[in-house]
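**Student:** The chain contents come next:
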Amino acid sequence: MDASWLSQMRKGVLELCVLAIVDREETYGYAVVERMGKTPGMEVTESTVYPLLARLSNDGLLKLRIEKSSAGPPRRYYSLSAGGKKRLRELASTWATIVGSVASLIEPAPSACLD
Amino acid sequence: MEINPAQWDQESRNSMDAYLDAVEAVLLEQKTPRSERILILGELESQIHAVIALRLEAGAELQPDLVRSIIESLDTPESYRIDAQHANAGSPIGSELESKTHTSEAKESVSIDSGVGSTKERDPRFQAVHWLGKLAAYRQRSRIDEFAIASCICALGALLIAASTGRDREAGIVLTGLLLTVGCCLGWFSTYRIKRSDGKLWGGRLAFTGGMILPFMLANIAAITLVVQTPLWILILIAAVLFANYWVIRRTWAWIASQSLVPSTVSVPDQQVSHATGSTIPAV
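Chains F and H supply the protein sequences, listed in that same order.
Following numbering that gives the first Met the number 0, the numbering of the first sequence begins with 0 at its first residue and continues without gaps.
Following numbering that gives the first Met the number 0, the numbering of the second sequence begins with 0 at its first residue and continues without gaps.
Derived from the structure by calculation, the hints contain no laboratory data.
No experiment lies behind these values; they were computed from the predicted model shown.
Don't be surprised by glycine CBs; every beta carbon is placed ideally from N, CA and C.
Warning: the hint list may mix true and false statements.
Heads up, incomplete: computed chain H residues facing chain F, CB under 7 Å, no partners named [unchecked claim]: (1) S34; (2) E35; (3) L38.
Here chain F stands alone, though its shape is the one from the complex (with noise of 0.2 Å):
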C-alpha cells in the first residue's frame, strides 16, 4: 500500500484517536504513545503524539493533572475537558457519515451481485 495515503489517513484522523483514548480514562502520555503504537494503522511515535497533546492542552480541549513522583519528573496527567468532549462528539460525528460513505460507495453494487 502507498505509504503516503496510509499517512495521510492517519494524520487526519489522529486528532480523533487521541481524544477518544483520553475520553476512556485519565492518562497519560506515554500511555497515550503505547495505546497508539498498538493500534494496527495507527502507529505513531511520542514525536507525533506529545505536541499533539500539548496542542490540545494549550487549546483547553485537555485537561490537566500533575502528579509528583518520587522518582523522576511530575506525571501529567490528561482528562478531557467540556471543550474537548464537544470536540470529541464532534469529531466522531463526521468521522461515522464518511465511514458510512465511503462504504456505501465501495460495496459492490447490486447489479454485480446478480453477475
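Knowing the structure of chain F, use the given hints to seat chain H on it.
**Tutor:** Same frame as chain F, but now just chain H:
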C-alpha cells in the same frame, strides 16, 4: 520499580539532558509556544524514566549504555520538526490546520530573519499583516486572565465610590467594602489560576494588585487611624507605613513567585494497565 534520578551517573544524565536540549532547540526553532515546549519535554522525560523502570524490572542494570540505548530508541530531535513530521506522515492534519498560525508565523519569521530584503519583506502592508498575525497567534495561545481584570475593575470601582460618597455615606461604605472584598477574592483566585496555567494565562501583577488592595487599605486605614491623634508623628508614620507596604508586597510577591502550586503526591498507582493492550506501564 522506581529509580531516583539522583542515583544516575553523570554520563547518563548528560545523555538525557543533551537529547532533551536538542529536542527543545528544534521546538524553539519552530517557535513552539513555551507552554507546549514544557509539556512535550516533560512527557519525554517521563517516558525515558518509565522505560528505564521497565528495563530495570526486566533485570537490566542502570548503566550509561542503558540510558543511551533508550534515548537512541526514541524519535530523533529532527522528528519534532513539522516538516519532518509531514514527511514521516506522523503529524495530525488537525494539528497542522489548527496550528497553522504557529507554523506560518514560524515560516514567515524565518523568511524575514534569513532573507536579504525581498519586496515582500519591505512591503509595509506585509509587515503589518505579519505583526497582526503574530499578535493574533500570541493572543490565541496566551491570554490575560479575565478574573485579574475583574478584580482590578472592582477595586477601581470601590475607590471611585469611596471618593464620591457624599449624601448616602453608609450605603457608599457598604458598597465600597463589598467591591473591595469581591476584588480581593477575585485577585487571589486569579493569581492562583495564573500560577496553575503553566504560562497560558498572564496578568499576574494585575491579579496581585487586586488581591492585595483590600488588605492594604485596611492596614493603612488602621495605621493612620491609630496615629492620627499624634500629628507630629504623622509624616514619619506615613513613611513607615509606606515602607512596610513596600516590604510586605515584595515579600509576598517573592513568596508567590516561589510557589509551584503543584499538587502534592496523591497515592500514585504503582502500575497503570493499558486497557486495550493489557500492557503495564509503571508509574515513575
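**Student:** Of all the hints given earlier, name the ones this structure violates by number, lowest first.
**Tutor:** No hint contradicted; all consistent.
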